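Please put together the full structure from these sequences, using the hints given.
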Amino acid sequence: MQKKYNVAGFGEVLWDIYPESKSLGGAPSNFAIHSQKLGANSFLISCLGDDSLGKEAQTLLNDFGLNTSGIQVNKYFPTGRVVVNLDQMGNPSYKIEEESAWDHIIFDENMRNICQSLDIVCFGTLVQRNSNSKRALKKILDSTPLNCLKVFDVNFRHEFYNKEIIKLSLERADIVKMNQFEFYQIANVFCISQEWKKGALSLIHEFDLKLVIITLGENGSILATKNDYIVHIPENKVNVVSTVGAGDAYTASVVMGWLNKKPLNEIVIEATNLASHVCGFEGAIPSEG
Numbered sequence: 709m710q711k712k713y714n715v716a717g718f719g720e721v722l723w724d725i726y727p728e729s730k731s732l733g734g735a736p737s738n739f740a741i742h743s744q745k746l747g748a749n750s751f752l753i754s755c756l757g758d759d760s761l762g763k764e765a766q767t768l769l770n771d772f773g774l775n776t777s778g779i780q781v782n783k784y785f786p787t788g789r790v791v792v793n794l795d796q797m798g799n800p801s802y803k804i805e806e807e808s809a810w811d812h813i814i815f816d817e818n819m820r821n822i823c824q825s826l827d828i829v830c831f832g833t834l835v836q837r838n839s840n841s842k843r844a845l846k847k848i849l850d851s852t853p854l855n856c857l858k859v860f861d862v863n864f865r866h867e868f869y870n871k872e873i874i875k876l877s878l879e880r881a882d883i884v885k886m887n888q889f890e891f892y893q894i895a896n897v898f899c900i901s902q903e904w905k906k907g908a909l910s911l912i913h914e915f916d917l918k919l920v921i922i923t924l925g926e927n928g929s930i931l932a933t934k935n936d937y938i939v940h941i942p943e944n945k946v947n948v949v950s951t952v953g954a955g956d957a958y959t960a961s962v963v964m965g966w967l968n969k970k971p972l973n974e975i976v977i978e979a980t981n982l983a984s985h986v987c988g989f990e991g992a993i994p995s996e997g
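Residue numbers (the numbering used here): 709 to 997.
Honestly, the hints are just simulated from the structure, not real lab data.
All values derive from a computational prediction rather than experimental measurement.
Incorrect hints may appear among the rest.
Stated by the list, open to error - Across the chosen pairs, the derived CB separations fall in these ranges:
#: 1; residue 1: E805; residue 2: Q893; range: 16 to 26 Å
#: 2; residue 1: E867; residue 2: N935; range: 30 to 40 Å
#: 3; residue 1: P971; residue 2: E807; range: 44 to 54 Å
#: 4; residue 1: D916; residue 2: T767; range: 19 to 29 Å
#: 5; residue 1: G773; residue 2: Q893; range: 29 to 39 Å
#: 6; residue 1: R880; residue 2: N935; range: 17 to 27 Å
#: 7; residue 1: E817; residue 2: F889; range: 31 to 41 Å
#: 8; residue 1: V781; residue 2: E978; range: 27 to 37 Å
#: 9; residue 1: N855; residue 2: S760; range: 19 to 29 Å
#: 10; residue 1: N818; residue 2: K842; range: 12 to 22 Å
#: 11; residue 1: Q796; residue 2: K711; range: 17 to 27 Å
Said to hold, decoys possible - Listed next, the in silico DSSO-like pairs over lysine-lysine satisfying Cα-Cα at most 30 Å (straight line):
#: 12; residue 1: K969; residue 2: K730
#: 13; residue 1: K934; residue 2: K712
#: 14; residue 1: K803; residue 2: K730
#: 15; residue 1: K906; residue 2: K969
#: 16; residue 1: K745; residue 2: K906
We put the CB at the ideal spot given by N, CA and C, even for glycine.
Here is the structure:
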C-alpha cells in the first residue's frame, strides 16, 4: 500500500475566465488537486478575496477534497482572475489581474504547522511578483522538514519574473519543471547550453537538483537526473481542446511517481497520459477525473 504523502501547492488560486465560461485555476491549485486525485493528502496555501468568487472557489476546493486550512481570506483585495484566450491549437494566452488576494499571502502560525508535516511543496514565479507573498514563500520553504521535496514549477507569465527570482527559486528547489520555451530563457539567463541534455545536466550540477523536467508539448517530454536521461515521445496524437492545466497535471504525476520510487520510464508514461487527458477538456481540472 502506498504511503499517503502530504503535499502542498503554494501561490495563486484564481478563476480562468473564458469567453463563455469560467473554471478554477492557478498552477499551485491545479497541482494540489491533481496530487489529491493521485492519492496525496493535499493542502493549498493561498489567499482568496472576501467575495462571491472566493466563496465559490472555497466550495469547489473542498469538493475536490483539498485541505483548505491554509487558505486565507482578504477583505481588501479581490479573488484572482485571469482572462484566457485560446488559439486554434488550444494554446492559451493570459491577462492576469494584478493586486489580487493571492498577492497578499501573509505567513502565520497555521501555515508553519502545515509546513512541518509536508513531504512536497510546489511553487512558481508568479506568486513572487508581490513582496508580501514572496516573503511568505521564503518562510514556507524555511519551515518545511529537511527531507521535504521542493518543486519549482517555473510558469513564466508576462513580465512577472526576473533573474533574481529564477536564481533564488532554483537554489531552493530539488525538482524543477519547465516547458521548452522556459528552458531556452533559463539557459540564456545562466549562459548554459540550449541543447536539452547538456542544459539539463548543467542545471542539475549548478543548483544541486534531483530532477529536471522539460515538457515539449505534442513532441513529448524529458526527465533528467544526474544518472538518467529519458526523452518520451507520445505514440498517439491528442485531440487538443485546451492545454490549460496540462503541465500542472504532468508535474503532479511525475512528483507523485518520484515519491513512490517508480522508475523514470514508468513515471514519464503515466504523466504523459494524464496530461493528454487534461488536454481533451476546457479547464485545468476535467470533471471526468
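To see whether the hints hold, each was checked on the structure:
1. With their beta carbons about 24 Å apart, E805 and Q893 fall inside the hinted range of 16 to 26 Å.
2. Remark: the range hint 30 to 40 Å for E867 to N935 is upheld by a beta-carbon distance near 37 Å.
3. The supplied range of 44 to 54 Å is met by P971 and E807, whose beta-carbon atoms lie about 45 Å from each other.
4. Restraint check, D916 to T767: a C-beta distance of roughly 41 Å breaks the suggested window 19 to 29 Å.
5. G773 and Q893 have their C-beta atoms about 35 Å apart, which keeps the hinted 29 to 39 Å range intact.
6. Between R880 and N935, the C-beta spacing of about 23 Å keeps the proposed range 17 to 27 Å intact.
7. At about 39 Å, the CB distance of E817 to F889 agrees with the hint of 31 to 41 Å.
8. Hint check: V781 to E978, Cβ distance near 36 Å, so the stated range 27 to 37 Å holds.
9. The hint said 19 to 29 Å for the Cβ distance between N855 and S760, and at roughly 41 Å that hint is violated.
10. Separation of N818 from K842 is about 19 Å and conforms to the stated range, judged on CB atoms against 12 to 22 Å.
11. In this structure the hint that Q796 and K711 lie 17 to 27 Å apart at CB is violated, the actual value being about 43 Å.
12. Of the pairs offered as hints, the one joining K969 and K730 is violated, with about 37 Å between alpha carbons and a cut-off of 30 Å exceeded.
13. The straight-line distance between the Cα atoms of K934 and K712 is roughly 27 Å, inside the 30 Å bound, and the hint therefore holds.
14. Taken as a hint, the K803 and K730 pair is honoured in the structure, with Cα atoms around 14 Å apart against an allowance of 30 Å.
15. Taking the CA atoms of K906 and K969, the gap is near 25 Å; set against the 30 Å cutoff, the hint holds.
16. About 34 Å separates the Cα atoms of K745 and K906, which puts this hinted pair outside 30 Å; it is violated.
In this structure, the hints that do not hold are numbers 4, 9, 11, 12, 16, in rising order.
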